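Below are the chains, spelled out letter by letter.
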Amino acid sequence: MRGNMILPLMAFLPMAGAIACYLIGRISKGARNVAVFAVCAVDLAMAAGLFAAVVGGRSAEFCWDGFCGMGLHLKLDGFRAVYALIAGLMWFMTHGLFAPVYFESHYRNRNRYYLFTLLTLGATNGVFLSASLYTTFIFFEIMSLTSYAWVAHDEKEAAMRAAQTYLAVAIIGGMVTLMGLFMLYHRVGTLEIDEIYIACGKVTDKGPLYLVAALIAIGFAAKAGAYPLHIWLPKAHPVAPAPASALLSGILTKTGVFGLLVVSADILPADAAWGRAVLIFGVITMFVGALLALFSVDLKRTLACSSMSQIGFILVGIAMSNLLGHHGGLAAHGALLHMVNHSLIKLVLFMAAGAVYMRLHKLNLNEIRGFGRGKPVLHFAFLMGYLGIIGMPLWNGFVSKSLIHESILEYVEILRESGGAWIPYKVVEMLFLFTGGMTAAYMIKLYVAIFWEKNDPETQKRFDAMGKTPFPAALALGLSGLILPVLGVFSNRLMQGVAGLMQGFMRSEGPKEVLNYFSRANLIGAAESLLIGAALYVFVVRGLLTQRQKDGRRVYVDRWPTWLDLEGLVYRPLLERVLPTCFGMICEVLNHLADWATALLGTCGTALARLMDNLFNAKAFNAVGTFFARIMDEGIDTLVLGLWHGVFGRRHKREAATVGNRFTYACGRLFDRIAAFLNRTLRRKHPIEANFVAAFAAGWDEMRANLRRISWSVSFGLLLMCVGLYIVFAYLLM
Amino acid sequence: MLLLLPVLIPVVGGLTVGLGAFRGRLIRSIFVEAVTLATSALLAWLIVNGQGMTLHALRLTENLTIVFHIDGLTRVFSGLIAFLWPLATLYAFEYMEHESRESTFFAYYLMSYGVTVGIALSANLFTLYAFYELLTLITLPLVLHKMDATSNRAGRMYLYYSISGAALAFIGMIFVLTYATNPSTAFIYGGVINSARVAGNKDLLLAVFLMSFMGFGVKAAIFPLHHWLPTVSVAPTPVTALLHAVAVVKAGAFAIIRLIYYSFGTHFLRGTWAQYAAMALAMFTIVYGSAMAVKEQHFKRRLAYSTVSNLSYVVFGATLMTPAGLAGSLTHMLFHGVMKITLFFCAGAVLVQTEREYVQDLRGFGRVMPFTFGVFTVAAMALVGVAPLAGFISKWNLATAAASSGQGLAYVGVGALIVSAILTAVYLFTVVVTAQFMPLNASSAALAGRKLDPGWRMKLPLAVLTVAIVALGVWSVPLVQFLLRVASGLY
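Line order of the protein sequences matches chains A and B.
Position 442, counted from 1, in the first sequence is what my numbering calls 442; the numbers after and before it change by one each time, with no gaps.
Add 734 to a position in the second sequence, counting from 1, and you land on the number used in my numbering.
Calculated from the structure, these hints are not laboratory results.
Here the structure is a predicted model, which is why all the values come from computation and not from measurement.
All C-beta atoms in this analysis are idealised placements derived from N, C-alpha and C, irrespective of residue type, glycine included.
Mixed in with the good hints, there may be bad ones.
[Said to hold, decoys possible] As a list, the in silico EDC-like pairs of lysine to aspartate or glutamate whose alpha-carbon atoms are at most 20 Å apart:
#1 B:K1029 <-> A:E576
#2 A:K468 <-> A:E453
#3 A:K512 <-> A:E413
#4 B:K1193 <-> B:E1030
#5 A:K362 <-> A:D154
#6 A:K156 <-> B:E1089
[As the list claims (entries may be wrong)] If you only want the chain B side, here are some residues facing chain A, beta carbon under 8 Å, derived:
#7 V1148
#8 A1205
#9 V1208
[Said to hold, decoys possible] Beyond 10 Å from chain A on every Cβ pair, some chain B residues (computed):
#10 M787
#11 H803
#12 S837
#13 K880
#14 M1115
#15 V1120
#16 A1121
#17 N1131
#18 T1134
#19 A1137
#20 I1156
#21 K1193
#22 P1212
#23 F1216
#24 Y1225
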């Protein structure tokens, strides 16, 4: 172990804290909440310390050679410090401040929940600080499994099903990634991220590297929620408790992006083909996510689909950075800043959703509408998140979206000048703006429904009577909400600084010239997007996605066809029916192949004997028949190596009534008479009811059968011994 | 003489118990545990200090001798059983209180320890063969312990498979004797086959190798000779856990390693069709065993199928015929032993405390038996190969060895390992999720709120094993390096 000890503490202290909190929680719930707060606070403080150190220009490393075979390697640089800080902040806000209020009344299994939450914190820190993909993978797997407890927390049908999906995607994705890592290690001989960059740069034959990159990317893309591996995301978020949803969406998806960044910036840096592939999936993820969000009428489901869509934006940024190569500074900044922004925005929005759910236990827009009226803190926080995510100038989301947008335009320009095929990228640019519009539309839908519309008068009265969000939770909401405009307003200093810190991770040197985020072009882009959003809201949401009821009230309807679900349509049938049926049939046949063969042979032997018995019905032939049967049996024994049991083990011979012999009959009669005598005399009240003749006969048969089995098995062993001995002699004599 | 003691002590101890020397349960238990611990301590001392010791115990003919010795491979295998046997015995005390005829059971249990040690210490193929046969016979009563129809059938099946397997192995032994440089079956790293004598008969000898590979492969449960293993899971859990997940089956894998690396020799076998055939069988069994485990709903049988699959990991490593392959194979032999015995112990604890045998009956048991299922979760994650636990290390080493062996078929093996890992996750995590995250069944509603974890004699081995699983994963480097040296023939 060498290097800065703070780095491993970031990973292992929360894990130790998790166990401590669990044990404390078995004694006192209140003390446990304090302990959880303390662990989160200490983690945040350490992360802040690391961040300050990085801002001061320092860096740190930690190596634990031999840990788990290939060693643990952690490192501190700008990107890692920023994400450690964000993780610390998010855990502190959600579980230090918000969760105790959220879980106040009705939740079971909180001890288990906190145990896994803090374990996940440690693992997440480990992922973000890792300097070798081996370390990344170790912590990534731990994180995947511990976060399972969040999704399954409710233990209801829907939760278990979502959790099953989550686990399946995590495990299959993890294994595919492992396979990729393995091939990478075999090809370039290292998994250290910095060395991979150098080693992959030297590789001349890129073909295998694409396969490696694709395999590694699959596991990470699944965690990030990229299409078509996003299936867990819209299901897991709504069923998880809100503080956990915030983390799932804000930070766990980013661990996936972390891996994708390594693939894109280190394994295939500035590779146009890879960039195009990422772009295709990025655009689909972005568009499909927003479309699903637009159709959803469930608050948390909308936010979950929105997360998917925002990840798509990030992927587009990564793709543009790869496509632009040396000129990719803008795109790199955009992707990195959008990661940060999305984490912070989703923190606010999911906590706001939690503030609604903890009071109402409902998420359907029709049922919760009007809840936000007269609740200033909640209103403020949600508004900040809403303005942030739609890319309103002066809020943080505007900056990153503008940067990505500008990078697409830049690439279109470059292609135009060089005479390349620029039209597809122009389409991407338009889709980008249109998706931005959809983002605005579904966010307006949520915002208007919760904070402006009124529910039916009685319910609304009940809502209004509900008090404001209690203190620590309100603090968490307010503080998290405040960060977004602060970042946005001072974006030219703050966000440029953050992007400058992080850019090294993407092997980028940043944009060539100093930028003003509030340039004319950026503002126009934002305005276009918001106008599209307003139009979509008016025409699509108001027009198509609501329905006027008889009493004149509008209700939101879910017009998305439920059958159009990739999981239900493809994955589950494939995994649950097609594959098991095929494999099952093959296995079944293989499993019984030997048995059936023996059974057939044995049955032939027995049938032959039976036939002879029936044909001649004479004692002499009986003996011959038995003899043949024995021959057949022994032959099978040696032929199929003792699988002979199939004959007598599975297929019972016709059970003849046991007769016994004269001796057993005599004994049985004797005992029966004694019993009868006793029944008449001594045991009149409790007569003996056994039939000794039958019992003795059965016993005799049983004994004979056992003797026969024993003799056969011994004879079998002896036979083989003899075969062996013959060969011995043959060779000794030779 | 010292080498004979670890074989004799348990056998004599077992005979003493079997002849009914003890009436009281407590005294008998203390005696059994003392004998086991003494043997383990002696073995531990021998493992550390006994490198190179040899003992000629018995000379039957010029070429057939019973010889014991200690080399690297001996140290690995005997280390494994010396670690596990006392734990399993402690576990068995509590477990067997729920069964009948304890004296008989412990008599054979102790004796089989001696015989297994005999396999580990054997210095030539003949000694190995003799003890291998003996192990079958001595463990048969343990399989038959319940004495009902199912056990009877399982016992018969076990006997047939094992003896016929041994007969095949016997043929191999004769051929090794015939073609060895100086006619003996002694184990020498690199093999004893004399290439001058083989000339012209190579294919015959390869066929014989494959035959004896299959012969020893019966105990290592290689497809298509695996069927006995899930069947004998009717035996009491200490037997299933120790013998049919570690001692007996690992003896099969151990014998295969001896056969490949110390008798026929990798030089002779590498690159031949026999190697590919053996490797293909192992690879197929890896996936097949896991697939069957997914299908199986009976808790113990599911674990038994998992053993089928994992034994083939060990055999697969051995059939790579490189030092790295053998090292990976030995790593998995040790780690799988520790992990699987833990899983079986948990299954046994459930069986003895609540008589639940099927996976779907375990719903919500994580709350009823928190300790047992906590341990089970850790062991399950380890077996799936979640880093940083033990299973990850051994699988990583196996896959690395396969990829660096330079054989095309071995790459397919890496794929098989990954597919099997996913299937492992399915069949083990189903149990974990069922127990930890689902509410209790209607039929087990009566158990709600009760704590049914077993007593300390079952918990202590589980705790020790769990610590071992974590520790072996995190600090594996010294052990793996030792194994690599063993696999390179340095010991």
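So which of the earlier hints does this model not fit?
4, 6, 8, 14, 15, 16, 17, 18, 19, 20, 22
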